[in-house]
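J.: First to last, the protein sequences are chains X and G.
Take the first sequence: its letter number 57 is residue 56 in numbering that gives the first Met the number 0, and every next letter is one higher.
Take the second sequence: its letter number 47 is residue 46 in numbering that gives the first Met the number 0, and every next letter is one higher.
These are calculated hints, taken from the structure and not from any lab test.
In this text the structure is predicted, and so the values were computed from the model without any measurement.
Not one of these hints is a red herring.
Listing some non-contacts, in silico: residues in chain G with all C-beta distances to chain X over 10 Å: (1) Ala58; (2) Thr62; (3) Glu135; (4) Cys137; (5) Ala140.
Computed footprint of chain X on chain G, listed as stretches where at least three residues anywhere in the stretch have a Cβ under 8 Å from a Cβ of chain X: (6) 9-16; (7) 39-53; (8) 102-108; (9) 119-126; (10) 150-163.
No residue lacks a Cβ here, since even glycine has one placed at the ideal position from N, Cα and C.
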Amino acid sequence: MELSCHKLRCPCDISILRIFGVMMATSENRNDEPSSKERGDEDAISRNLKRVFNEVANEPLPDKLSSLLEQLRKNEKSE
Amino acid sequence: MTDAQAAHQEEMVSHIPALRAFARSLAKDSSRADDLVQETVLKAWSNLNSFTTGTNMRAWLFTILRNTFYSEFRKIRHEVEDIDGKFAAQVADKPTQDGVMEMRDFERAFAQLPADQREALTLVGASGLTYEEAAEICECAVGTIKSRVNRARARLSEMLNMDEDNEMVAPIADASSA
Numbered sequence: 000m001e002l003s004c005h006k007l008r009c010p011c012d013i014s015i016l017r018i019f020g021v022m023m024a025t026s027e028n029r030n031d032e033p034s035s036k037e038r039g040d041e042d043a044i045s046r047n048l049k050r051v052f053n054e055v056a057n058e059p060l061p062d063k064l065s066s067l068l069e070q071l072r073k074n075e076k077s078e
Numbered sequence: 000m001t002d003a004q005a006a007h008q009e010e011m012v013s014h015i016p017a018l019r020a021f022a023r024s025l026a027k028d029s030s031r032a033d034d035l036v037q038e039t040v041l042k043a044w045s046n047l048n049s050f051t052t053g054t055n056m057r058a059w060l061f062t063i064l065r066n067t068f069y070s071e072f073r074k075i076r077h078e079v080e081d082i083d084g085k086f087a088a089q090v091a092d093k094p095t096q097d098g099v100m101e102m103r104d105f106e107r108a109f110a111q112l113p114a115d116q117r118e119a120l121t122l123v124g125a126s127g128l129t130y131e132e133a134a135e136i137c138e139c140a141v142g143t144i145k146s147r148v149n150r151a152r153a154r155l156s157e158m159l160n161m162d163e164d165n166e167m168v169a170p171i172a173d174a175s176s177a
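With the sequences and hints as input, model every part of the structure.
T.: Below, the structure written as structure tokens:
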């Protein structure tokens with residue numbers, strides 16, 4: 000069976016190949032430089048929210064709160 | 000005391016750091032926030048038998064804390080004064096070393112958000128709760144929480160001079176002037 004050169008040179012096929020090439024190039028670019036959202040990175044708001052929250056959460060418990068817990072546990076045992 | 004009760008008590012204690020952080024986002028002043036946590040712990044401890052095993056204890060505790068804040072603490076005049084910017088000024092007075100500049104700017108801007116936006120952002124963005132859980136805590140629709148979060152983020156982005164990816168473009172001199 001003879002391969003038709005004419006068909007391969009059809010302007011439509013060339014257009015399709017071009018479109019495919021552009022799609023591949025776009026895809027490659029995306030792989031090279033994904034946006035922060037694509038990487039699932041947190042933005043500055045999320046980062047700082049968590050930092051502020053964790054900063055407080057990681058502080059040692061104040062004495063009055065520790066004393067309260069101690070007292071509640073003592074009461075629990077004595078009941 | 001049963002094993003289940005003891006386990007609940009221990010779990011409750013493990014959530015206290017997160018409670019303190021949530022309280023700080025509401026009450027802002029650290030001393031008042033700790034009073035709020037103390038009140039919450041007392042209420043939760045005496046009502047632990049009403050907690051349903053298998054449900055989210057953090058959300059349960061946050062609900063108690065929030066209700067306590069709105070029913071008792073917010074009535075106090077001092078609190079209203081604080082919302083008007085006392086806390087913001089206090090934060091602004093702290094030294095802004097290079098490493099903490101961004102965070103201090105953020106705290107200052109965050110303090111200027113309305114209380115409902117601060118709590119929505121804290122619940123969803125920092126404490127690891129879902130929109131549904133946050134909506135339940137705040138007794139509102141999920142859409143309302145999403146809207147508050149979006150408005151809060153937009154306002155912060157504006158105050159902090161952020162780019163389209165919500166990254167800080169440059170340190171700001173004074174968030175209150177935004």
